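Colleague: Here's the letter readout for the chains.
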Amino acid sequence: MLKQSLVRPVKHVLKNLSILVLLAFAVISQPTFGAENGGPEGVIIKDPGSELWRNVRQRQFAETNTQMKSVDANILIRTSGESWRNYRMNELIPRAGGALFLGLFGVFVFRLLRGRMNLPEGLSGRKILRFTLNQRVAHWCTAILFVVLGLTGLILLLGRKFLIPVFGSEGFSYIAVTAKVLHDYLGPAFAISLIFLFVLYVRDNLLSPKIDLQWLMKGGGLIGGHASSDRFNLGEKGWFWIAAIVGAAIVVSGLVLDFPIFGQTRETMEYYHFIHTVAATIMIVASFGHIYMGTIGVESTFEIMQTGYCDSNWAKEHHDLWYEKVKDSAINGESASSAVGSSQKESTDTA
Amino acid sequence: MATMKFYCDAERCIECNACVTACKNEHEIPWGVNRRRVVTIKDGEHGERSLSVACMHCGDAPCAAVCPVDCFYTTDDGVVLHDKDICIGCGYCFYACPFGAPQFPENAAFSSRGKMDKCTFCAGGPEDDHSSDEYKKYGRNRLSEGKLPLCAEMCSTKALLAGDADMVSDIYRKRIINRGASVLDWGVNYDKAKLNS
Chain A
1 MLKQSLVRPV
11 KHVLKNLSIL
21 VLLAFAVISQ
31 PTFGAENGGP
41 EGVIIKDPGS
51 ELWRNVRQRQ
61 FAETNTQMKS
71 VDANILIRTS
81 GESWRNYRMN
91 ELIPRAGGAL
101 FLGLFGVFVF
111 RLLRGRMNLP
121 EGLSGRKILR
131 FTLNQRVAHW
141 CTAILFVVLG
151 LTGLILLLGR
161 KFLIPVFGSE
171 GFSYIAVTAK
181 VLHDYLGPAF
191 AISLIFLFVL
201 YVRDNLLSPK
211 IDLQWLMKGG
221 GLIGGHASSD
231 RFNLGEKGWF
241 WIAAIVGAAI
251 VVSGLVLDFP
261 IFGQTRETME
271 YYHFIHTVAA
281 TIMIVASFGH
291 IYMGTIGVES
301 TFEIMQTGYC
311 DSNWAKEHHD
321 LWYEKVKDSA
331 INGESASSAV
341 GSSQKESTDT
351 A
Chain B
1 MATMKFYCDA
11 ERCIECNACV
21 TACKNEHEIP
31 WGVNRRRVVT
41 IKDGEHGERS
51 LSVACMHCGD
61 APCAAVCPVD
71 CFYTTDDGVV
81 LHDKDICIGC
91 GYCFYACPFG
101 APQFPENAAF
111 SSRGKMDKCT
121 FCAGGPEDDH
131 SSDEYKKYGR
141 NRLSEGKLPL
151 CAEMCSTKAL
161 LAGDADMVSD
171 IYRKRIINRG
181 ASVLDWGVNY
191 DKAKLNS
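So the protein sequences, as listed, match chains A and B.
Numbers 1 to 351, taken from this note's numbering, label the letters of the first sequence in order.
Numbers 1 to 197, taken from this note's numbering, label the letters of the second sequence in order.
Simulated from the structure, these hints should not be mistaken for lab results.
These numbers come from a predicted model, not from an experiment.
A couple of the hints might just be wrong.
[To be verified] Across the chosen pairs, the derived CB separations fall in these ranges: (1) G47(B) / T79(A): 17 to 25 Å; (2) G47(B) / T178(A): 48 to 56 Å; (3) C16(B) / T79(A): 22 to 30 Å; (4) I223(A) / E106(B): 53 to 61 Å; (5) Y172(B) / Q58(A): 53 to 61 Å; (6) F105(A) / S132(B): 33 to 41 Å; (7) M217(A) / D85(B): 30 to 38 Å; (8) D85(B) / F61(A): 37 to 45 Å; (9) E28(B) / M89(A): 33 to 41 Å; (10) V252(A) / W31(B): 28 to 36 Å; (11) T268(A) / E45(B): 49 to 57 Å; (12) M89(A) / T3(B): 50 to 58 Å; (13) K69(A) / S156(B): 23 to 31 Å.
Idealized CB from N, CA, C, for every residue including glycine.
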């Protein structure tokens, strides 16, 4: 409505104007050619140069051709590269660096405040199978690839700022080219590994709203007190789904960037580079929490992913609902360590 | 100290691609790598123009800014060059460059990018002038011999200008004064135009 009422008078004015212009034209259009610059005098002609340069800067659609066969070769000036430069240099590098620093700092502060989370009743010596061999292999493949990819990615992102002053330009070039090759070749392996990880872990990581909400209300026992949970608590489930969803984004965008031979345009590459870097920063920062809790943060946790067995007191303390289901399968510590190799086969489907 | 620049006069370029060929030949550039290319706007329509484009040797070069290994440098002549011994072939300079100048030979495993190659303003690279290493990696070093880039020197219509920015703009300014902004759209009355330079 508003638009129409505005358009009508404007149209009117335009109509009158055009008549005026036509009249004026009739009066002065006795063109005198052969003026100094060769153009007709007295008639204002739009500078053809301005149209040319608008076309050159791709600000209006004009068909452009070239004999070169490469992607985007017919584009003369592409301005979006400048936004990508600004993103990478002024946003990504300082913000990703800041996020990593804050993540490490957060883990450090948590450690200072909470200390190591110990088992109040100590170790019982009775072992319960928690991760099958397949699950452990999937975990460690993904974990090792993740660490290598994360470190090489960070070398390429932040190395110019922090490593060139240390190793010099040539020294850093060797590091960077190694990092790039590892990053390029291990990326697809990470994709496969992540799929196995997802399939092997998804069942117990499905949300169970009642238990998870209770766990959340109690702060997950992170601040103190006890929060009951099934095989995986909400914190572990959160990390699993970050690995699955953010990881999928990293993998898909990474594969697009990894193989620049399918005619991807520079715009496509810039777009997926944006997704790749944001997702990777989220995942690396989140991984600090997981790595801390899985190694030095909680008593007797690291050996579970090593051996596959957890102490029954550990299960009671951290995963009581799961413990109730599996406590009958507990075995003695020594037989557990000797059973690690032999009993895996039949127990791959349990737990 | 000069500031070297290219300028392509769209009123003169006839899309002969001789600059492209001269460049390929002078520097023995492999297939698939195009340090220079000619782009035609509105091919076959009214207002058709062609421009020859290569690395424009920017003052604030985006390639140099985003390079993760900092392999770019600007010479005293204002020419932006890079060190292929340091380049890792990541392709970031190609994403950032507005002109599509950086080129990558697909010679590494799985067709991944090799080391970047681009127009050197015929100024070689960081190696010793006229060494065989320099020639293999970057092509001929004409600037050190007092010659300008071959593409511009052999341009038959003198559409492609190369040299110190002030001199290039002086030449172009004189052309504009004599012919106006465009000869192709208006048509020039050659009898009365002052063709004094």
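Colleague: Compare the structure with each hint and give your call.
Modeller: Outcome of the hint check:
1. Range check, G47(B) to T79(A): about 22 Å between beta-carbon atoms, so the 17 to 25 Å window is met.
2. G47(B) and T178(A) have their C-beta atoms about 51 Å apart, which keeps the hinted 48 to 56 Å range intact.
3. In this structure the hint that C16(B) and T79(A) lie 22 to 30 Å apart at CB holds, the actual value being about 29 Å.
4. Look at I223(A) against E106(B): about 56 Å separates their beta carbons, and that is inside 53 to 61 Å.
5. For Y172(B) paired with Q58(A), a C-beta distance near 23 Å fails the hint of 53 to 61 Å.
6. Our hint of 33 to 41 Å for F105(A) and S132(B) is violated, since their Cβ atoms are close to 53 Å apart.
7. One distance hint, 30 to 38 Å for the beta-carbon pair M217(A) and D85(B), is violated here, with the actual separation near 60 Å.
8. A hinted range of 37 to 45 Å holds for the C-beta pair D85(B) and F61(A), which are about 42 Å apart.
9. At about 35 Å, the beta-carbon gap between E28(B) and M89(A) stays in the expected band of 33 to 41 Å.
10. Checked against the hint of 28 to 36 Å, the C-beta distance between V252(A) and W31(B) comes to roughly 32 Å, which is consistent with it.
11. For the pair T268(A) and E45(B), the beta carbons lie near 29 Å from each other, so the given range of 49 to 57 Å is not met.
12. With their beta carbons about 24 Å apart, M89(A) and T3(B) fall outside the hinted range of 50 to 58 Å.
13. Taking 23 to 31 Å as the suggested C-beta distance range, the pair K69(A) and S156(B) conforms, at roughly 25 Å.
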